[in-house]
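Colleague: Now for the letters of each chain:
2 protein chains.
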Amino acid sequence: MRATFMYGAGDVRIETIPDAVIHQSTDAVVRVTRSCVCGSDLHPYRGLPATPEGTTMGHEFVGIVEEAGSEVTTVRKGDFVIAPFAWSDGTCEFCREGLHTSCAHGGFWNDGNGTLGGQAEAVRVPQADGTLVKVPGITEDSASLPSLLTLSDVYGTGYHAAKRAKVTKGDTVAVIGDGAVGLLAVLSAKQLGAERIILMGRHKDRTDLGVEFGATDVVPERGEEGIAKVLELTGGLGARKVLEAVGHMPAYEQSVGIVRPGGIISRVGVPQYDQGPIGWSFFGKNTTLTGGPAPVRAYIEELLPGVLDGTVDPGKVFDRTVGLEEVPDGYKAMNDRTALKVLVRP
Amino acid sequence: MRATFMYGAGDVRIETIPDAVIHQSTDAVVRVTRSCVCGSDLHPYRGLPATPEGTTMGHEFVGIVEEAGSEVTTVRKGDFVIAPFAWSDGTCEFCREGLHTSCAHGGFWNDGNGTLGGQAEAVRVPQADGTLVKVPGITEDSASLPSLLTLSDVYGTGYHAAKRAKVTKGDTVAVIGDGAVGLLAVLSAKQLGAERIILMGRHKDRTDLGVEFGATDVVPERGEEGIAKVLELTGGLGARKVLEAVGHMPAYEQSVGIVRPGGIISRVGVPQYDQGPIGWSFFGKNTTLTGGPAPVRAYIEELLPGVLDGTVDPGKVFDRTVGLEEVPDGYKAMNDRTALKVLVRP
Numbered sequence: 547m548r549a550t551f552m553y554g555a556g557d558v559r560i561e562t563i564p565d566a567v568i569h570q571s572t573d574a575v576v577r578v579t580r581s582c583v584c585g586s587d588l589h590p591y592r593g594l595p596a597t598p599e600g601t602t603m604g605h606e607f608v609g610i611v612e613e614a615g616s617e618v619t620t621v622r623k624g625d626f627v628i629a630p631f632a633w634s635d636g637t638c639e640f641c642r643e644g645l646h647t648s649c650a651h652g653g654f655w656n657d658g659n660g661t662l663g664g665q666a667e668a669v670r671v672p673q674a675d676g677t678l679v680k681v682p683g684i685t686e687d688s689a690s691l692p693s694l695l696t697l698s699d700v701y702g703t704g705y706h707a708a709k710r711a712k713v714t715k716g717d718t719v720a721v722i723g724d725g726a727v728g729l730l731a732v733l734s735a736k737q738l739g740a741e742r743i744i745l746m747g748r749h750k751d752r753t754d755l756g757v758e759f760g761a762t763d764v765v766p767e768r769g770e771e772g773i774a775k776v777l778e779l780t781g782g783l784g785a786r787k788v789l790e791a792v793g794h795m796p797a798y799e800q801s802v803g804i805v806r807p808g809g810i811i812s813r814v815g816v817p818q819y820d821q822g823p824i825g826w827s828f829f830g831k832n833t834t835l836t837g838g839p840a841p842v843r844a845y846i847e848e849l850l851p852g853v854l855d856g857t858v859d860p861g862k863v864f865d866r867t868v869g870l871e872e873v874p875d876g877y878k879a880m881n882d883r884t885a886l887k888v889l890v891r892p
Numbered sequence: 547m548r549a550t551f552m553y554g555a556g557d558v559r560i561e562t563i564p565d566a567v568i569h570q571s572t573d574a575v576v577r578v579t580r581s582c583v584c585g586s587d588l589h590p591y592r593g594l595p596a597t598p599e600g601t602t603m604g605h606e607f608v609g610i611v612e613e614a615g616s617e618v619t620t621v622r623k624g625d626f627v628i629a630p631f632a633w634s635d636g637t638c639e640f641c642r643e644g645l646h647t648s649c650a651h652g653g654f655w656n657d658g659n660g661t662l663g664g665q666a667e668a669v670r671v672p673q674a675d676g677t678l679v680k681v682p683g684i685t686e687d688s689a690s691l692p693s694l695l696t697l698s699d700v701y702g703t704g705y706h707a708a709k710r711a712k713v714t715k716g717d718t719v720a721v722i723g724d725g726a727v728g729l730l731a732v733l734s735a736k737q738l739g740a741e742r743i744i745l746m747g748r749h750k751d752r753t754d755l756g757v758e759f760g761a762t763d764v765v766p767e768r769g770e771e772g773i774a775k776v777l778e779l780t781g782g783l784g785a786r787k788v789l790e791a792v793g794h795m796p797a798y799e800q801s802v803g804i805v806r807p808g809g810i811i812s813r814v815g816v817p818q819y820d821q822g823p824i825g826w827s828f829f830g831k832n833t834t835l836t837g838g839p840a841p842v843r844a845y846i847e848e849l850l851p852g853v854l855d856g857t858v859d860p861g862k863v864f865d866r867t868v869g870l871e872e873v874p875d876g877y878k879a880m881n882d883r884t885a886l887k888v889l890v891r892p
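Residue numbers (our numbering), protein chains in the order written: chain P, 547 to 892; chain U, 547 to 892.
Rather than coming from a laboratory, the hints here were simulated on the basis of the structure. Wrong hints could be hidden among the right ones.
[As the list claims (entries may be wrong)] Capping the alpha-carbon separation at 30 Å, the derived lysine-lysine pairs in DSSO-like fashion look like this: (1) Lys715/P x Lys831/U; (2) Lys736/U x Lys831/P; (3) Lys736/U x Lys712/P; (4) Lys712/P x Lys775/P; (5) Lys750/P x Lys862/P; (6) Lys831/U x Lys831/P.
Given the sequences, and given the hints that come with them, work out the whole structure.
Modeller: Structure follows, in structure tokens:
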């Protein structure tokens, strides 16, 4: 079968590898019907050191179960399934608390231990019962595939940002970042009842989609100017909730600058830094910092009905579709910002 | 009147200054019956650069109202009052939310703008209606004065750590630091129903008091060894809630090391650093960081009944009493760790 590998910054190749097969009785093999390129894939695309052995790529996919191991009980051959970006057993104490990304027996795709990536024709899925969510009535050509695919990561991640920030009815929320996660954090904040949603981003086609998703204000300014603008919009006080969907230090610094005293910064952009300001500028106003890798598995059942009945259309974040062989072009387009998010149709 | 000044590291002097008087109609003048030296006073005691003009000291006091401004309605001459370590109007939107340390018209003692310190014979209290809490039936010789004085800072601050961490029935809590705030964070966690309270500290006389306040385990080890010990005590997972009552980087690093995935680190030790690790080691397990200067004013009414009826005896943190002229000795004793917390009887 064909699968995507990265060998270093900017070096993405599609290669032939042995077909995905069951290793353990709790595995399933899923034939991928839609996958995509993630904003977080751009971090290695920009900075991965040369890696002679390469690494498989992709952690978002939906597809049809090809085969299920003997112990798998919740899905079987032919079922349409959504795969979250982390696999998990669904039974450990962390999963029971809804923190599937800390599952005691789980892990992530492309982990270097035999779990390969989703930008491929098929994937072996460990802990299939805990990981996969079956959606009856969906075929491999359903119009809702793009929106269903967002439940695999970006929608659940935006929702995690909003949930961790405890966004509630009437809230004032600032969202930093106009990538797919930022835009879906806007959608999530809106769903949770936020009254004022300030989107910080400077790509008009993206912020336009943010406005469609519920943003009430758009702030293209950055740095001190951006902070001043948000303070001006919030009566000098700042936003009660800040959803940080970028992962770079300027976005974190912006968060600290615009959060209201007693407010919450919820990060879902994977931090590309180790140290950050948490001294008096942060502590003095009783700021809370939260967030992390989103346990999207915990949110699928909650978000699925709105996707299926068309109340929300998170799939709008996809603005380009490529075949598997064109995945390298997809990376380039996202890196060049000529595409917001690239759908892959293997 | 006599008041305490600091002129640089280790240089504390008692000097004569003009008597405290009303400046604004919302002020009161309080004659101090008990004050004390705070762990946070040791930060300048160790590091304040030489300051020729000096700065007044002390932010914890109880006393008797000597005079109240014409607009003050809640206290009058002769009332016994507790003064929180921040003054606040009690009416702005932050005060109404219980975040009095961010009061729109409030501030801190020794602010360099005419608000002087509590290690003195008397203090001018701005925003007296919002700031002071009258306690009927208390005289200047009541046995409960030390415990009442803890409501001015250390008890409310320990309680803030526990409240911000959302300590709840059955919780596993680790407290870092065996100073007065750490010990009262133990007491607070116990009051809020924590089942397991691990106190990290290595001064046996102090941790013994911690055990009396409710600690179930004492971990004297620090650094990697301390982290390993707490992980061992918590089945390898870490503590759900970590209350950090020190303010130095090793204590923060310890917090990150011992917090359970999905857990909360609540800091009330004023951070003596600007940058700290908030990258993958923190983010990867969906850690929450919260805390800040405690709005102790918000907690006084809630904590007062237990102090008055003797259910709790937070005043036990005081293990030495000095007169105002001996305050420099009090600083030295706390800095040398021959005293846990020094009570001042002007």
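Colleague: Now look at each hint and say whether the structure bears it out.
Modeller: Going through the hints against the structure:
1. Lys715/P x Lys831/U: Holds - the C-alpha atoms of Lys831/U and Lys715/P are around 28 Å apart, at most 30 Å.
2. Lys736/U x Lys831/P: 26 Å, holds
3. Lys736/U x Lys712/P: Between Lys736/U and Lys712/P the Cα gap is close to 26 Å, so the pair holds against 30 Å.
4. Lys712/P x Lys775/P: 24 Å, holds
5. Lys750/P x Lys862/P: 15 Å, holds
6. Lys831/U x Lys831/P: 24 Å, holds
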